[in-house]
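Taking the hints into account, I'd like the entire structure generated from these sequences.
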Amino acid sequence: MSETFFPINDLMRRKLQTSLTTVSLTLCVGSTLFLLLFSDRTGLGILSAAEEKLTIGFSTIFSRFLLFISILFLALGAIFASFLIFAMVTQRTRDVGLMKAAGCPNNLIFGYFFTELLVVAFISCFLGVILGLLADLALARILSNASFQIQQNPVDFWKILLIFTSFFILMLVFGVKPVLNSTKVEPVKALSPTYYWGIAAPPSPFKASKQSLTVKIALRGIFRRASATIRIVLCLTLLFLLLTVTIAGGVIAKQTTENWIEKAVGRNILLIAHHEICSQYEILLSKFHENMEVSALNYTTEEYLIPEALEAHLNSMPHNIRLERRLVMWVYIKELPGTMVDEHGAYITVGDSREGESLVVGVEPENTFGEWFLDGEFLKEEEGENMCAVIGDSIANSMFTVPLEQYLQVYGGQFDVVGVCVDPINNGKVVYVNIRDLQRITGVSKPNILLVKVASLSDYEKVLNEIRGAVKAVNQDFEVLELNTILEKSLAFLGLLWSAIMFLPFCALASAVPCFIGYVVLALTEQRQEFGVLRALGAKPRTILKVVAVQNLVVLLSSYACGVAFGIIITLLILVPNPLVTSFTVLQIAGLLSTALAATFLISLYPAIKLNRKSILEMLA
Amino acid sequence: MNVVVSASEICKTFEVGDLRIEVLNGVNLEVEKGEFVTISGPSGSGKTTLLNIIGGIDKPTKGRIIVFGEDLNVKDEDFLASFRCHNIGFVFQSYNLISTLTVSENIAFPMEWTKKSTSQIESRVKELLEKFGLQHRANHFPFQLSGGEQQRVAFARALANDPPLLLVDEPTGNLDVKTGLKIVEVLRELKEREKTMIVVTHDTRILDLADKKTLLEDGKLVLMFE
Numbered sequence: 353m354s355e356t357f358f359p360i361n362d363l364m365r366r367k368l369q370t371s372l373t374t375v376s377l378t379l380c381v382g383s384t385l386f387l388l389l390f391s392d393r394t395g396l397g398i399l400s401a402a403e404e405k406l407t408i409g410f411s412t413i414f415s416r417f418l419l420f421i422s423i424l425f426l427a428l429g430a431i432f433a434s435f436l437i438f439a440m441v442t443q444r445t446r447d448v449g450l451m452k453a454a455g456c457p458n459n460l461i462f463g464y465f466f467t468e469l470l471v472v473a474f475i476s477c478f479l480g481v482i483l484g485l486l487a488d489l490a491l492a493r494i495l496s497n498a499s500f501q502i503q504q505n506p507v508d509f510w511k512i513l514l515i516f517t518s519f520f521i522l523m524l525v526f527g528v529k530p531v532l533n534s535t536k537v538e539p540v541k542a543l544s545p546t547y548y549w550g551i552a553a554p555p556s557p558f559k560a561s562k563q564s565l566t567v568k569i570a571l572r573g574i575f576r577r578a579s580a581t582i583r584i585v586l587c588l589t590l591l592f593l594l595l596t597v598t599i600a601g602g603v604i605a606k607q608t609t610e611n612w613i614e615k616a617v618g619r620n621i622l623l624i625a626h627h628e629i630c631s632q633y634e635i636l637l638s639k640f641h642e643n644m645e646v647s648a649l650n651y652t653t654e655e656y657l658i659p660e661a662l663e664a665h666l667n668s669m670p671h672n673i674r675l676e677r678r679l680v681m682w683v684y685i686k687e688l689p690g691t692m693v694d695e696h697g698a699y700i701t702v703g704d705s706r707e708g709e710s711l712v713v714g715v716e717p718e719n720t721f722g723e724w725f726l727d728g729e730f731l732k733e734e735e736g737e738n739m740c741a742v743i744g745d746s747i748a749n750s751m752f753t754v755p756l757e758q759y760l761q762v763y764g765g766q767f768d769v770v771g772v773c774v775d776p777i778n779n780g781k782v783v784y785v786n787i788r789d790l791q792r793i794t795g796v797s798k799p800n801i802l803l804v805k806v807a808s809l810s811d812y813e814k815v816l817n818e819i820r821g822a823v824k825a826v827n828q829d830f831e832v833l834e835l836n837t838i839l840e841k842s843l844a845f846l847g848l849l850w851s852a853i854m855f856l857p858f859c860a861l862a863s864a865v866p867c868f869i870g871y872v873v874l875a876l877t878e879q880r881q882e883f884g885v886l887r888a889l890g891a892k893p894r895t896i897l898k899v900v901a902v903q904n905l906v907v908l909l910s911s912y913a914c915g916v917a918f919g920i921i922i923t924l925l926i927l928v929p930n931p932l933v934t935s936f937t938v939l940q941i942a943g944l945l946s947t948a949l950a951a952t953f954l955i956s957l958y959p960a961i962k963l964n965r966k967s968i969l970e971m972l973a
Numbered sequence: 048m049n050v051v052v053s054a055s056e057i058c059k060t061f062e063v064g065d066l067r068i069e070v071l072n073g074v075n076l077e078v079e080k081g082e083f084v085t086i087s088g089p090s091g092s093g094k095t096t097l098l099n100i101i102g103g104i105d106k107p108t109k110g111r112i113i114v115f116g117e118d119l120n121v122k123d124e125d126f127l128a129s130f131r132c133h134n135i136g137f138v139f140q141s142y143n144l145i146s147t148l149t150v151s152e153n154i155a156f157p158m159e160w161t162k163k164s165t166s167q168i169e170s171r172v173k174e175l176l177e178k179f180g181l182q183h184r185a186n187h188f189p190f191q192l193s194g195g196e197q198q199r200v201a202f203a204r205a206l207a208n209d210p211p212l213l214l215v216d217e218p219t220g221n222l223d224v225k226t227g228l229k230i231v232e233v234l235r236e237l238k239e240r241e242k243t244m245i246v247v248t249h250d251t252r253i254l255d256l257a258d259k260k261t262l263l264e265d266g267k268l269v270l271m272f273e
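Chains A and B are the protein sequences, given in the same order. For the first sequence, the working numbering begins at 353 and goes up steadily by one. For the second sequence, the working numbering begins at 48 and goes up steadily by one.
Mixed in with the good hints there might be a few duds.
What the hints assert, rightly or not - Label pairs and their calculated CB-CB ranges: (1) B:I68 <-> A:R365: 21 to 29 Å; (2) B:E232 <-> A:L969: 26 to 34 Å; (3) A:F474 <-> B:F61: 48 to 56 Å; (4) B:P89 <-> A:A454: 24 to 32 Å; (5) A:L939 <-> B:E177: 34 to 42 Å; (6) B:G91 <-> A:F858: 52 to 60 Å; (7) B:P211 <-> A:L939: 25 to 33 Å; (8) A:R365 <-> B:E62: 15 to 23 Å; (9) B:P211 <-> A:A454: 44 to 52 Å.
Hints listed in this document are in silico derivations from the structure and should not be mistaken for laboratory results. Think of the CB as a built atom: it goes at the ideal place given N, C-alpha and C, for glycine as much as any other residue.
Here it is in structure tokens:
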């Protein structure tokens with residue numbers, strides 16, 4: 353028998369097993385390549401969408417997520433491939449024993465099975481690459497036609513070659529070990545079920561229990577295939593880890609980041625200012641989700657300042673409204689170095705004297721509507737000896753070395769940097785100071801912005817119209833701008849970015865399901881005859897289904913528990929700082945993860961349902 | 048009701064590609080309560096197929112099979128499963144023990160579907176282990192047993208629910224003379240207890256025990272001796 357003829361013949365003889373392994377490996381390679389290419393497209397999409405838009409703090413969270421998910425995708429693909437190849441080769445252990453017993457030399461046996469491995473690995477990698485490529489191109493086209501923001505860059509063929517080569521080598525490395533092990537083992541061992549089933553220790557004395565038969569057969573079946581079970585549990589753990597990080601992380605991060613924006617901007621806030629300041633402020637807020645340019649404007653021109661009459665008029669309105677006075681200006685700011693103690697206890701100077709333009713907002717700390725996500729603290733209500741400032745995360749990143757140990761110069765006045773905040777306005781290139789300090793150093797006595805918070809939502813429209821009327825009555829050039837509209841746009845933009853990321857794990861789930869079905873089919877092939885015996889002796893079809901269901905459930909739940917636990921830890925501790933977790937968030941995450949678990953479980957029962965349709969004789973054959 | 052099995056004009060045809068293989072061609076058989084019937088015949092003559100049809104795990108292409116008054120052709124899978132569990136004990140030629148269950152568990156599991164209490168199951172398992180001399184093997188797995196021991200476990204399992212009909216396929220076919228003798232003894236004892244049995248065999252020691260000997264040839268069942 354030639355060295356080529358035997359492997360081909362052997363592969364053809366095991367049609368179901370060969371096709372299942374090839375299809376699963378193809379899907380595995382294909383989906384990994386697809387995910388890599390597609391997340392790259394989406395990732396690039398996100399980065400280019402985020403460029404000059406998101407603040408540094410937000411971009412960091414997104415890139416951390418994408419990096420983590422990409423690493424998990426690659427690890428998942430590699431483990432899936434190794435599992436499938438291992439399962440394929442392990443099933444030939446008995447044949448190896450038979451051939452050795454018949455006198456076939458070791459090197460010839462190794463040659464036969466290694467050729468089989470080469471054939472399956474090459475075909476799977478080749479088909480997988482084509483599948484992944486086609487899937488990526490198809491989805492990119494579909495999403496592009498549906499006006500989804502996606503990069504239409506040409507496919508990177510080096511990436512394809514990398515995936516093909518890595519998976520091919522991986523399959524050979526993982527596959528060659530069991531072949532070598534089998535060829536090294538004595539024929540009598542290779543033929544013994546004790547060796548390839550791994551049953552050795554006698555169980556505890558017999559105790560009859562009515563409920564246990566199904567569970568007993570199921571659990572012992574799982575432990576008999578210990579090696580395959582451990583591998584599939586590892587695969588699924590990684591899958592559920594990926595799902596948890598993206599679903600739980602995505603949901604938590606989405607809510608947390610949305611909460612940061614919502615609190616920083618405020619809900620149901622009206623902005624009253626000169627119409628030019630209004631337009632300018634709208635652009636500054638919209639820079640978070642749209643590429644917009646701000647025009648040069650002298651914010652402290654007399655005509656832009658809020659007339660006292662207007663403030664008095666609004667204060668005298670009978671409605672439940674609150675006012676906040678702000679002084680906004682576009683000025684040069686300068687970083688000043690500070691001193692800190694290094695790890696050896698010595699004083700060192702940190703920072704430089706970088707300078708640039710920034711939006712500076714004077715606020716009344718005791719009266720402000722904004723609530724910022726902060727590193728450090730916010731401005732103090734009472735005025736101290738030193739003037740304090742809170743800077744936006746983008747300024748902190750681009751102009752400061754250790755912001756909280758440094759100082760800031762505005763209009764010649766020196767401010768202690770006491771906090772770094774996440775704020776969508778001007779994309780985080782903003783400085784908040786006490787309005788009284790700003791007024792003192794600039795000499796501008798009045799605010800140029802009034803923020804109004806409408807407490808009662810029931811008569812919101814009525815109050816809005818009355819405020820509009822009051823403003824126009826005092827000065828025709830002044831306007832009322834609803835910040836809710838801009839806030840909604842920013843939240844929608846964030847939501848779009850997160851949903852693009854959260855779409856990716858479902859592709860991983862789709863590629864994991866055939867892998868798990870492969871394991872179930874492996875288990876059923878091994879147990880098929882015994883299930884036939886059970887049926888012949890009086891077991892109803894649903895008893896067989898119960899055994900398979902218990903096996904699948906044990907494997908799925910153990911993977912689920914590990915994956916979800918690690919996923920939650922990673923999400924809460926590493927990926928999202930100060931996560932916002934409400935009871936609704938928990939319900940939402942639990943719902944999505946349970947749906948994924950239930951769907952995988954239900955699909956995994958399909959091979960058992962199909963087996964149950966066979967006649968007892970077919971099962972016994 | 049004395050007639051336990053009534054098979055009339057049973058035909059069974061297998062189709063392999065374009066080829067039609069007629070295994071049984073108008074088989075008629077009646078087995079009465081307490082009878083010991085043997086079926087012999089050349090390899091591939093359809094002995095096991097006939098046994099499977101009588102046991103309700105296969106259906107004839109044509110003909111009628113009535114066991115304990117039930118027409119098995121028209122019953123669904125759930126009924127047949129329950130019927131086999133309560134009325135028929137199977138001993139397969141290749142033992143077919145469940146590899147993940149121990150000897151005790153292999154004997155016990157058909158009882159678990161008949162709603163017996165755990166104490167009943169335990170005492171019955173103990174009784175059968177003693178009867179077949181398998182006490183020392185109670186907690187061993189099938190692959191740790193010899194062929195003869197596995198065959199004895201298969202008999203113990205078939206008798207677990209004390210079914211009124213026992214179908215036995217080549218019980219000594221895979222065993223040496225000495226081990227086969229133990230199985231013959233088991234059959235002799237069951238005959239003495241007037242258990243209705245249909246045994247596929249060529250073993251003259253078993254044929255000598257039969258009340259009715261039949262030969263399956265060219266798809267027809269011929270009565271050799273009554």
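Fill in: Hints breached by this structure
Violated hints: 3, 5, 7; rest satisfied.
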